[in-house]
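Undergrad: Spelled out, the chains give:
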Amino acid sequence: MTMNTQGRPTTPESVSMSSIETVSGSRGLLQHEDLLFEIGTPETTGVDLPAPKGTKNRLGGVARKVPTGLPGLSEPQAVRHYMRLSQKNYAIDLGLFPLGSCTMKHNPRLNEKMARLPGFGDIHPLQPQATVQGALELIDELATWLKTLTNMPSVAMSPKAGAHGEFCGMMAIRQALIARGEGDTRKRVLVPESAHGTNPATAVQCGFIVDEIKANKRGRVDMADLKAKLEKSDDIAGIMLTNPNTCGLFETDIKEIADLIHAAGGYFYCDGANFNAIVGRVRPGDLGIDAMHINLHKTFSTPHGGGGPGSGPTVLSEALAPYAPVPFVVKDADGMFRLVEDIEGDASESFGRMAAFHGQMGMFVRALTYILSHGADGLKQASEDAVLNANYVQARLKKVMSAPFEGYCMHEALFSDAFTAEGIETIDIAKALIDEGYHPMTMYFPLVVHGAMLIEPTESESKAEVDRFCDALESIARRAAQGDETLKGAPYLAPMRRLDETKAARKPVLKWAEPEVAPPVAAE
Amino acid sequence: MTRYTQPTTFYTEDHEWVTVHNDLATVGITHYAENALGDIVFVELPEVGAEFAPGDDMAVVESVKAASDVYAPIHGKVVEVNGALTDKPETVNESPTEKGWFCVLEIKDGGEIAGLMDEAAYKAYCEGL
Amino acid sequence: MRYLPLTADDRAEMLKTIGAKSVDDFYADVPESARLHGTVEGLPDHQGELAVERHMSKLAAKNRAASSGPFFVGAGAYKHHVPASVDMIIQRSEFLTTYTPYQPEIAQGTLQTLFEFQTQVAALTAMDVANASMYDGSTACAEAAVMATRATRRKKVILSGGLHPHYAAATKMLCEAQGIEVVQLEHAIDGELALADAVDDQTACVIGQSPNTFGTVTDLSPVAEAAHGKGALLVSVFTEAVSLGLVTPPGEMGADIAVGEGQSIGNGLNFGGPYVGLFACTQKLVRQMPGRLCGETTDAEGKRGFVLTLSTREQHIRRDKATSNICTNSGLCALAFTAHMTLLGGKGLEQMAVLNHEAACDLADALAAVPGVEILTPRFFNEFAFRTPMNAEAVLAMLDEAGIVGGVRASRLFPGDHMGDVILCAATECTTPEDIAAYAAALKEII
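Residue numbers (my numbering), protein chains in the order written: chain A, 19 to 542; chain B, 840 to 968; chain C, 277 to 723.
So here's chain A without its partners, still in its complex pose:
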């Protein structure tokens, strides 16, 4: 027999080292990565382009004087740069992402594949319409699904995000009021104090005045306050109400609210950010609403992409439909699809155009792929599983954390910081979750609950995953209740420790600049 005497030890030895500093700044798999501007040079490129011919330019002297000076990277450098940066991010594909009101559900890869078909990804918005009939048909098909799921007669497809959809709905209301001759008198919009910040911001952007209504002890609209606000009603433009609301609760009195607003001569804008809790179980059109945006990036799984792009189609009632923005797709008698792009004919009462071109086509493809994959039965099941998971989280955690409202929740479970010991805050619990390998829940929102923690597990999590998350949060909650001071320093195990936001805001550094070279010391 032959023997290899160069063998390496195969059992780890126990060595204690509390803190390990590395020369490279990397820590094992977690690579240190400087800014692009510190590693690239203006001469480097990752793109091989043919040499220009040297044609005399026809810019008439309108030519750039100072080069950009921007560095480039070769392809391997660029791929590695972004790969290393990517590994400093948490993501749904890595684990449960319980960010309440944001709906971080799984993003199916089929959606990505479909969006990249050249027939969708490589067509121009201003090509002759005869050459994009499939694209227009897709928009029409998705529109049909959205109208059917909401039982609403019309949908504006062009809004580019949820807040843009709110803007669309409120502009339609504004236009309807102008058409009634009440554009100048009906200016007051009721908004619950629990509303997402975009609601009051949108109302003001449309020229309305915001009047806050209170929440009751059950976390719903305080009907007495609402009725008081409606006593004088000739200045009421409408109400903006999220349902299910930002506390994760279904507005019990929603039909009465709709009736009261309509009786007052106003319109009902429903913020559809939480539509994902009720798809297939309730059609918002049956609740008396006039407009609602649908976040395709929440309810219908188009990826959040680190902060967009989103898409916010907005369904409209019979009363608001004539004022929908351009463009929209119509199907002519000959079976051809056509874009109505100008404010004339079918669109003569339109409130205008919200953005260039026809909406977030790339998101439409993904959303329709998701919808067809789920079907009517799967969409309903997804809503129910999301609500079941949230109620399970609520049931498991309310023993150790404080639930501000009685009863079941919808798709997200809300807790307050009432259970924490003096000195321990919501942010400490959130940051401790990072050490446990989870993205924190939404914190300090909604504003109506002190130190709010809003947990939305979504339907994409198995029971085992939800249990593991609850185990982690339960143990952190116990530490918080006992006043464990170590929570204040969390996270300890993330790529970075807590960041100094005060410093960032006091002296904003918003771009990289060449470090100032110290002046040479004068020779003696």
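Derived from the structure by calculation, the hints contain no laboratory data. Errors might be hidden in some of the hints.
To be verified - Below, a list of computed lysine-lysine pairs in the DSSO-like style, where the Cα atoms sit at most 30 Å apart:
| # | chain 1 | residue 1 | chain 2 | residue 2 |
| --- | --- | --- | --- | --- |
| 1 | A | Lys349 | C | Lys448 |
| 2 | A | Lys506 | A | Lys416 |
| 3 | A | Lys205 | C | Lys431 |
Treat the numbers as computed from the prediction; the structure is a model and nothing was measured.
Fit chains B and C to the given chain A structure using the hints.
TA: Then chains B and C, alone, in the frame of chain A:
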């Protein structure tokens, strides 16, 4: 009307202080307010010459997580602003009632001063919150 | 259901833990009359990947992809080559499936790339600072107009005759809702400098575009001078970001705010969206900016890191006093922009811009040689307008039959302006000499 030849300080329910001296009123925010806001990162001051009525938005004070309007406590015309706050907003945290003053108003109606709280009343007001 | 991990046993067990009989209990607050029994009527049930893929592919096959033949459409969106690695980078799960970086300790990937994006956009536009992106160029333009009214405390905005009509429409809509007067100057191929005469001491800003919708490049410096003389701001717009490699950028012309469409760098045509709005301004105006901003700071151990900053301008804190209602940016499209820009580098972008310009020069020469064709754009980058002796719509339809997507008829963008015989066309680095020859030959046949 009462003339305050000695500087005398009054308070509003919006946690602003007003030090009155002859025809002038220096305005700032109280320790209670700066503490509630947290680390102040930005102050937007009014323009000299601007005129305000009580309750008008006169200045803005921002921390990382909150932005608050500073209201005019009385009718007045701005005669001086504390430009040092632009570069060093943290002064409002460090010295809210002295170096962290916002602006000086020329008083239009001395009678309005009577509607403000004195120190004892303000102290009681804060304790009641 | 392939996307739903809960099993029937899980569901039963979870209901037991909760103490509910069925999921119906959770929906008890829904008014009786609005409760659905069974699934929503009129909609099919779930399908497997293969079936869905077949359906979607069938729809896609009904569209003519830009790469499938000679293609010359521009006017706000452009066919460029995007390196394969860009798509790989934006499909990294950690970028694709994450949220707005609210928890900076576990979002440095997104934040650092946004910081790089802001630096790149500021350098390209020659402006002091840039934000973390907007929905697209048109909404960026509308937000710039409103920002100018805030900064100047004036209520009037003037739009040039060459501003993209969709940008003009989006700007008018946002402004009029807020009681801001919008003046649209007469549509003109080479009329951007008319802004200098139109500005008065009521004007918050003038909005000019270079290259404009007709392709004309203009040095807006005289407009900036006139505007500043009246206390107004210059908003300088571009729809073709590649032009910044060769054409005078907004900052070199004295612009106060620069806005534009970033689709050309890193992003496909996607039938109009999602795209990425670029937004930059002078240091003086930074606190009036809409949208997200990423800034540098340090962590508890003194290590450099990045956070979202100056968020008190935004809706989630300022609510009804926010600078804008915008919540999201166009994060993933901004990443695509940054990754492509990183591969190009400043020199690469310049070279790409030169190739675009040369292709457009060749196209103009080839089309000008066709009897009856008149090139209308005096100075251009990669697109221009030309007049045909026939109706433009008919010409484009016939070109289509020859397999050529020849551009966009001006009357589609300027319906009331008697431009029925004008075609807007563009060439890029994707345009080959054969494409140009085919276009010229087909056009000669048609007219």
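Undergrad: Decide, hint by hint, whether the structure agrees.
TA: Taking the hints in turn, this is what the structure says about them:
1. A/Lys349 with C/Lys448: holds (29 Å)
2. A/Lys506 with A/Lys416: holds (23 Å)
3. A/Lys205 with C/Lys431: holds (20 Å)
When each numbered hint is compared with the structure, no violation occurs for any of them.
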